[in-house]
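Student: Please model the entire structure based on the sequences and the hints provided.
Those protein sequence lines, which keep their order, are chains A and B.
If you use the numbering used here, the first sequence corresponds to residues 1 to 185, in order.
If you use the numbering used here, the second sequence corresponds to residues 1 to 253, in order.
Calculated directly from the structure, the hints in this document are not laboratory data.
Quick caveat, the model's predicted, so the values are computed rather than measured.
Be aware that a few hints might be false.
Covered by chain B, according to a simulated footprint, are these stretches of chain A (three or more residues, beta-carbon under 8 Å) [what the hints assert, rightly or not]:
(1) 74-86
(2) 100-114
(3) 146-155
(4) 159-171
Every residue, glycine too, gets a C-beta built ideally from N, C-alpha and C.
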Amino acid sequence: MTVSPSPTSEASAEIGGQAARPAKRPISLWTLIAFSLSAIAAIGFFFVPAFVIRPFRYQSPRALWLAMALRQHAPAGTSIAGLVCIVLACLLWRHASLWRKISISVVILVMALAAAMSRVNYFEWMFHPIAGAQFQAQSESKLDPTEMIMSVRFGDEARAYPISQMAYHHIFNDVVDGIPIAITY
Amino acid sequence: MNGRELHFYLAGINNQNFLMRDRETGTWWQQITGKAIYGPLQGSALDLVLSDELTFGEWRTEFPRGEVLAPVPQYLKEYDSKWEPEVAKLPVVISFPGTELKPRDVVIGVDVNGVARAYPWETFVKQSPVMDRVNGTLLLLVLGPDGKSFRVFVSRVNGQDAEFFLQTNGANRMAASPVDENGKGNFDDKPNRDFSAKAWMLVDSLTASQWNFQGCAVSGPVHGKCLERLPALKDYWFDWRNYHSETTIYRRQ
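Tutor: Okay, here's the thing in structure tokens:
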């Protein structure tokens with residue numbers, strides 16, 4: 001005697017003396033949609049600004065505004081969207097096929113990467129800031145006389161910032177004669 | 001800003017002019033303008049500090065007790081004193097056709113109370129000292145004795161507009177004649193340069209005082225007085241033009 005298990009039935013039945021596997025509950029479409037949207041949001045908080053704000057690429061005012069807005073709120077945005085996404089992933093996981101589980105895992109990994117990258121400033125990986133800056137008397141400097149420098153003077157304090165260095169670091173925060181300044185190049 | 005000290009870091013790039021953010025508020029600022037373009041301080045502007053772009057040799061003669069930012073040992077290989085020719089080859093993402101300037105032509109940009117003018121570097125070097133009127137103010141742009149440093153002054157002595165001559169080895173070379181608002185004028189642009197510090201001196205037409213590259217009178221009736229300095233930016237044309245849409249260009253006649 002054979003019993004064809006009902007696709008919606010959770011009851012097990014015997015088929016040829018062996019217990020039939022319980023039928024898989026179909027994944028809720030709304031859960032899948034919500035999972036996808038939350039993943040897109042979490043990933044987008046990092047990748048959209050990263051795509052827009054790139055060297056040698058034109059930034060339109062609107063695109064730049066969007067990129068700055070997303071980047072500004074990326075730490076919170078990736079956390080909230082990421083949390084929602086993980087909860088939904090757990091709901092989807094139990095009833096997912098192997099390939100769907102792999103897909104869910106990839107999405108979670110990318111989302112984790114986005115969350116991590118939204119908390120670091122990768123521009124400073126390329127152009128390291130100056131930490132613990134030191135100054136030399138001009139007589140001690142080994143700069144060639146023809147090298148270009150930027151200079152400021154406040155009161156009796158005069159400082160020079162070699163352009164060859166500033167062209168790499170781009171920004172340096174300094175205090176000259178008590179006045180905080182940012183040297184940029 | 002508003003009495004609060006801010007500390008800035010590199011945060012991105014906007015059409016090849018970089019963006020920075022302050023750690024205190026997270027506001028985004030455009031480097032060339034010093035203006036906050038997004039965030040809690042949006043609309044604010046940093047005060048531009050009067051600064052110079054000089055050769056180290058020129059600077060140390062003027063400030064023998066000055067201090068120099070020391071190189072960071074771990075980044076020595078990143079410092080390239082010859083970076084400009086390499087950057088000049090890089091592509092640009094914005095351009096402004098319709099002028100004789102190419103995107104990466106170097107200009108000296110000056111803004112006098114909202115009126116901007118760009119001085120092509122090569123033209124300036126050939127004609128220095130250059131006198132030009134911008135927004136009613138007579139300017140004096142001078143190339144230093146080293147041929148690379150430059151400064152911009154208000155060309156006024158004792159409240160009166162003054163012409164300046166470059167005095168080299170006892171021979172006077174007249175500065176470019178005062179020019180009209182469109183930067184046009186008659187002048188002799190034959191190079192006559194001696195960039196030794198001792199030979200280089202400016203002389204004004206009103207008092208015949210001698211002036212050094214710092215814009216201070218070192219002899220004559222106004223000995224000890226200094227000309228008012230103006231901020232000036234040495235920049236690529238495309239970048240200057242992008243943030244000064246109404247800028248004019250200084251032209252030789």
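Student: Against each hint, give a clear statement of whether it holds in the structure.
Tutor: Hint by hint, here is what the structure shows:
Counting residues of the region 74-86 of chain A whose beta carbon lies closer than 8 Å to any beta carbon of chain B gives 0, which falls short of the minimum of three for the stated coverage. Restraint check on the region 100-114 of chain A versus chain B: 0 residues with Cβ-Cβ distances below 8 Å, three needed, restraint violated. For the region 146-155 of chain A, the stated coverage by chain B holds: 8 residues have a C-beta nearer than 8 Å to a C-beta of that chain, and at least 3 were required. Residues of the region 159-171 of chain A lying with their CB closer than 8 Å to a CB of chain B number 12, which satisfies the three-residue condition for coverage.
The earlier numbered hints that this structure contradicts are 1 and 2.
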